[in-house]
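Starting from the structure of chain A, add chain B where the hints point.
Going down the list, the protein sequences come from chains A and B. Residue 14 is where the first sequence starts when you use our numbering, and the numbers rise one by one after that. Residue 14 is where the second sequence starts when you use our numbering, and the numbers rise one by one after that.
Among the hints, erroneous ones may be present.
[As the list claims (entries may be wrong)] Taking lysine-lysine pairs in the DSS-like style, the calculated list, with each CA pair at most 25 Å apart, reads:
1. B:Lys273 <-> A:Lys273
2. A:Lys18 <-> A:Lys28
3. B:Lys273 <-> A:Lys18
4. B:Lys185 <-> B:Lys66
5. B:Lys195 <-> A:Lys273
It is worth saying that the hints were derived from the structure and are not from the lab. If you're wondering where the values come from, they're calculated on a predicted model, not measured in any experiment.
2 protein chains.
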Amino acid sequence: MSQVKEITASSLEAKAFIQEKAAEIREIVGSGVAINALSGGVDSSCVTMLGHKALGDRLKTYFIDNGIMREGEPQQIVAAFKKPGVNVEIIDAQDDFFSALGGITDPEEKREAITQTFYKKVFGNLVKKSGAKYLLQGTILTDIDETVAGIKRQHNVFEQLGIDPQEAFGYKIIEPLVQLRKDGVRKVAQELGLPSSIFNRMPFPGPALSARVIGEATRERIALVRKATSIVEQELASVKAFQYMAILHNDRVTGMRDNKREFGQQIEIRCWDSIDARQARPTQLPFSTLEKLASRIVSEVPGVVSVTYNIATKPPSTMEAV
Amino acid sequence: MSQVKEITASSLEAKAFIQEKAAEIREIVGSGVAINALSGGVDSSCVTMLGHKALGDRLKTYFIDNGIMREGEPQQIVAAFKKPGVNVEIIDAQDDFFSALGGITDPEEKREAITQTFYKKVFGNLVKKSGAKYLLQGTILTDIDETVAGIKRQHNVFEQLGIDPQEAFGYKIIEPLVQLRKDGVRKVAQELGLPSSIFNRMPFPGPALSARVIGEATRERIALVRKATSIVEQELASVKAFQYMAILHNDRVTGMRDNKREFGQQIEIRCWDSIDARQARPTQLPFSTLEKLASRIVSEVPGVVSVTYNIATKPPSTMEAV
Numbered sequence: 014m015s016q017v018k019e020i021t022a023s024s025l026e027a028k029a030f031i032q033e034k035a036a037e038i039r040e041i042v043g044s045g046v047a048i049n050a051l052s053g054g055v056d057s058s059c060v061t062m063l064g065h066k067a068l069g070d071r072l073k074t075y076f077i078d079n080g081i082m083r084e085g086e087p088q089q090i091v092a093a094f095k096k097p098g099v100n101v102e103i104i105d106a107q108d109d110f111f112s113a114l115g116g117i118t119d120p121e122e123k124r125e126a127i128t129q130t131f132y133k134k135v136f137g138n139l140v141k142k143s144g145a146k147y148l149l150q151g152t153i154l155t156d157i158d159e160t161v162a163g164i165k166r167q168h169n170v171f172e173q174l175g176i177d178p179q180e181a182f183g184y185k186i187i188e189p190l191v192q193l194r195k196d197g198v199r200k201v202a203q204e205l206g207l208p209s210s211i212f213n214r215m216p217f218p219g220p221a222l223s224a225r226v227i228g229e230a231t232r233e234r235i236a237l238v239r240k241a242t243s244i245v246e247q248e249l250a251s252v253k254a255f256q257y258m259a260i261l262h263n264d265r266v267t268g269m270r271d272n273k274r275e276f277g278q279q280i281e282i283r284c285w286d287s288i289d290a291r292q293a294r295p296t297q298l299p300f301s302t303l304e305k306l307a308s309r310i311v312s313e314v315p316g317v318v319s320v321t322y323n324i325a326t327k328p329p330s331t332m333e334a335v
Numbered sequence: 014m015s016q017v018k019e020i021t022a023s024s025l026e027a028k029a030f031i032q033e034k035a036a037e038i039r040e041i042v043g044s045g046v047a048i049n050a051l052s053g054g055v056d057s058s059c060v061t062m063l064g065h066k067a068l069g070d071r072l073k074t075y076f077i078d079n080g081i082m083r084e085g086e087p088q089q090i091v092a093a094f095k096k097p098g099v100n101v102e103i104i105d106a107q108d109d110f111f112s113a114l115g116g117i118t119d120p121e122e123k124r125e126a127i128t129q130t131f132y133k134k135v136f137g138n139l140v141k142k143s144g145a146k147y148l149l150q151g152t153i154l155t156d157i158d159e160t161v162a163g164i165k166r167q168h169n170v171f172e173q174l175g176i177d178p179q180e181a182f183g184y185k186i187i188e189p190l191v192q193l194r195k196d197g198v199r200k201v202a203q204e205l206g207l208p209s210s211i212f213n214r215m216p217f218p219g220p221a222l223s224a225r226v227i228g229e230a231t232r233e234r235i236a237l238v239r240k241a242t243s244i245v246e247q248e249l250a251s252v253k254a255f256q257y258m259a260i261l262h263n264d265r266v267t268g269m270r271d272n273k274r275e276f277g278q279q280i281e282i283r284c285w286d287s288i289d290a291r292q293a294r295p296t297q298l299p300f301s302t303l304e305k306l307a308s309r310i311v312s313e314v315p316g317v318v319s320v321t322y323n324i325a326t327k328p329p330s331t332m333e334a335v
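Just chain A, same shape as in the assembly:
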């Protein structure tokens, strides 16, 4: 378990970094094949381009459709990578993920179920199919910090927890971005020629929308939070914020519709100002925006009678609720 040496965004020389990491990847993979999973986030997008630069077609890139992505996300991401010549194959694994998530309410158990399904089941099959011995992934330093500190178990951190991926899953993991934080990754992504829609893309968690429901992540509850997420992302698209999100609560609250009591659902909105996700404070959105958000959510998301806006800072809050 080696200590990772941080490269700060200000000291990072993106061009040299890319050359160096591409050479390292070529050396490790040799004449073999590597695979990676693209989620569309800046980290995995950056690793995809870096791996493509290093290995060309010997990198097989998959988009795992786990059923917990946002509206239209699989198609948009595949299309975005077609332009620079990267072929991405969509793998429909919705049933695997929903059956693994069934009955689980604890956030850490949820993350663990997704991790196991992703790395063992879905990736296990892809590795067999592709003949790859290496998995490229976009772990960054903040993932490791938070996992080691015990704040959140990031889905992509193993070595630092004493897990040997070779032994556990049958393949080796290469993590070229592990010395960087989000701001450094953005510089590399830009240098790699990724469109700004990707390198300026808002962070989105590994467990995707399952991290956006408190309690069990069923197909029905994911559909509700997906709808609320679309509304929040539409309404806040022009806001300069680090990250914004909708969270479906498990608690029921009393509401009324058509003059009848409705014991309904609650959506929480979070919108964060932050530099590097280590500290954050709520964005001071105008009340007209908050009211528009609430009004659209209660009318467009079935069963929702109440909407809140998070006003606490990180710490003691975290960016995500789950």
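Frame of chain A, contents of chain B only:
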């Protein structure tokens, strides 16, 4: 089951109303004794003064300390009524209420447990002790509307649900304010000489702080929401709003403290602009106020890592969450 005829605040002649209702109370009670429970809210305060005017010492007024009142509330209210010469006796019934609330999470079952404990157990004993045949209470028209519509079962509505209090509890209920809404009651309270701290007092629900916790209302959870309520009431005291409150959620959310993960609690703040509680919208509080509230709550209320502000309107929300 008779239809109640509304008296609007604008058409209300408070002085004449008081004369008329006092005469009615005297006629019904005759030479007997009546009792009433003072909660300190404008409705029960108004009924206490009206009953005192009608019956003098033949009205016995009790403050039921159910363990779910706000910080220092029993003492403050007894002191406030000492001035106009009304003696209020505090009845410690905390054990009765907490044992009735044990294990209950559904809002309507919670209300029902409080109703039963209040009217049957605690009031049953007081009626025997005092020899009273009549209970005066401050039911208003909105309570009846909401109960009949099935939105919320107000703790003090019986006749409209087909319940005969005489049969169910052993005493008759007199409701002199039943034609008024909140704004009308305030006019009567002012005319009766109640201090503005009472007649302008914010509405507070019958089930008190048990309506401010989602899920089970244990002693420990009530203590947390009581602390949060004090902070909200201190910080918003100068805000012109219809009502403000703190709500303890049952959902747990991820937070961090001392660099360690804390699966903590969430407090929701609601602050409503409204005329008569039938419709309401969130008060546009300055962000500096929201941040101050959040910062005090996460540091002063043990285990709370997240704070939200409600941004939905009524309908489809209701003022209270429970």
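We went through each hint and held it up to the structure:
1. B:Lys273 <-> A:Lys273: 44 Å, violated
2. A:Lys18 <-> A:Lys28: 19 Å, holds
3. B:Lys273 <-> A:Lys18: 22 Å, holds
4. B:Lys185 <-> B:Lys66: 20 Å, holds
5. B:Lys195 <-> A:Lys273: With a Cα-Cα distance of about 21 Å, the restraint between Lys195 (chain B) and Lys273 (chain A) holds, given a limit of 25 Å.
When held up to the earlier numbered hints, the structure conflicts with hint 1 and nothing else.
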